[in-house]
Amino acid sequence: MSRPSTRAARYAALALVALAAPWLLPSYTTQMTFLWLMVVFALTWDIVGGQMGYNSFGNVLFFGIGAYACAVVQRDCGLGYFGSLALGTALAALAGTLAAAILGPGILALRGQYFAIGTLGLGIAAADIAAGWRYIGGGSGMVTPLFPGAVGARERFFYYLLLVVAVLTFATLRWLYAGRFGLTINAIRDDEEKAEAMGIRTTRHKTVAWCISALFLGLAGAVAGNMLGFIEPREFAFAGSTYGVWMVLMAMLGGRGTLWGPVIGACVFHITQEVFWTYLLGWQRVAMGLFILVVAVYFPRGIVGWFRQAR
Amino acid sequence: MGNLTLLSDAPVLNLQLLLDGILVGAVFALVAYGMALVWGVMKLINVAQGEFVLLGGYVVFFLVRAGMPPLPAVPIAAAVMAIVCWALYRVVIFRIVEKDLFTSILATFGLSILIQQLINQLYGSDVRTVESGLGSLFFAHGMVTVAEVKLVAFVGAGLLGALLVWFLRQHRLGQAIRATAQNTRAARILGVDTDRVYAATFAINGAICGAAGGLVAMTWTIHPYSGLSYTVRSFMIVVVAGLGNLAGVIASGAGLGVAENYAGFLLGAEYQTAFVFSLLVVILVGRNLWLMRQRKYLK
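The listed protein sequences correspond, in order, to chains A and F. Using the working numbering, the final residue of the first sequence is 1050, and nothing's skipped along the way. Using the working numbering, the final residue of the second sequence is 947, and nothing's skipped along the way.
There's no promise every hint is true.
Claimed, not checked - Under the rule of at most 35 Å between Cα atoms (straight-line distance), these lysine-lysine pairs were calculated in the DSBU-like manner:
| # | chain 1 | residue 1 | chain 2 | residue 2 |
| --- | --- | --- | --- | --- |
| 1 | F | K747 | F | K944 |
| 2 | F | K691 | F | K747 |
| 3 | F | K691 | A | K933 |
| 4 | A | K933 | F | K944 |
The set of hints was computed from the structure by calculation and includes no laboratory data.
Only chain A is shown next, with the shape it has when bound in the complex:
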């Protein structure tokens, strides 16, 4: 490991780049905003998937709950734009966490493939229920309030907002993984029976880990829903076969169970996806399926894992 001063310098340089990016490349602001969203996706998936060994295909559930909760609050609370956005985002995070806390003990008792398929079902069921529920707009979705301000300012506002969410997620996870909590969930991943025999309250820790994941996903959902301005149940909020799988893929591509792996994976993935979108128009979804297959079969250790092995 490098000395603390050089590490601080590296973080400062990264922060500077991230802060200056929308001013340097204004036409790519939306793409870069999506990059931060992808970083949050990968990081939150990795808490439960990589560090705890519970491979979820349905984490997108909390993202969708966050997006819808925020939009409903904004529609009904009657405050000004920024007031309702703040309240909505807070409540969205709360709603996501609550959902994880309620579902956690039952769902997280499932192991391995049963957990994977069960969470997959959870995400898709949520999408179909949302698509049929009139109160939240049904299949035609919900429109979030208009941002009061200039066009460029809107993009930058949401860029910084999602940047804050991503940094917050990263900092929290860095702090958690460095301490007892990280060790505990790693113990659950390595051998759950032994961890339980050692006196770790596995159900509680698993649920808390899922709640942390859901908290940040709820935040991200609220902000991303507003950034897009339109919340659609199947293609955006509960998009199991895009965002739901991408989360897994990004964490895996970067290296599961590492702090930086998901961040790197998200960057590489996002660039790949943009390239697909630009050069394979119409075929990008086909290419994405192939990409998932190739990464899962040939590159399961990920970039960070590969470097560690090579060293």
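Starting from the known structure of chain A, arrange chain F on it as the hints suggest.
Frame of chain A; chain F shown alone:
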């Protein structure tokens, strides 16, 4: 929920729902049996199972459009899918057979997205169906109708299931497949070419899916995004019935068909998919909680 009173007022409607459910359940059970076969022998959960069904349906659809009668097109779809799946095994699946289940789930999920988007890209996302040219039977003064094509699907699924059971019991390759499922290493020591067995198992599963897909295309509809629901239904049936339990697979297939028909009738058709996926979660969690009473969990 308003339909609930309708059910008690006209009890004959129950008969209709039950019949429809059991007839569709046979096809679900067939697909689930294929999934159980692959799962048991290759230790691989095939998320692309539903897409294989769809591909079979599209083969029949295009054969019929080219002027073929629908029923003889079903065995052709089975043969085509067997070849496709055999090729898939040789190209990519053989690499994930002995990896952990998560890798196989993610890889076959990628395969499922690939096939689904390929269909969408090549043939569009329209809902398709095949005109079977068969009529309907009427019972109870026309209150209960059974489309003959559903009966054909039911009988076809039953025949295929019986054929499969005979094959696994009597045929040399079938015996090798069962030996590999029981103990791969011992089978290898005794001279079974497990790689060939895996390829054959995957191809047989493809044939089952192809035939089932043909029946689905004739009886109901197919469109590119409906694949995953067949995967989930099969998974559910296998979880309830257990691996290698044929009677259980048939019973839970029929049960699922009936439950789905009732849910579609009571909640409205737009909630039918939501019902299938919610039921999956409920069944998994419920069965797991049941096992936890004995300090066990689903393995």
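Hint-by-hint comparison with the structure:
The straight-line distance between the Cα atoms of K747 of chain F and K944 of chain F is roughly 24 Å, inside the 35 Å bound, and the hint therefore holds. Taking the CA atoms of K691 of chain F and K747 of chain F, the gap is near 9 Å; set against the 35 Å cutoff, the hint holds. Taking the CA atoms of K691 of chain F and K933 of chain A, the gap is near 25 Å; set against the 35 Å cutoff, the hint holds. A hinted pair counts as satisfied when its Cα atoms are at most 35 Å apart, and K933 of chain A with K944 of chain F qualifies at roughly 15 Å.
The structure is consistent with each of the numbered hints, conforming to all of them.
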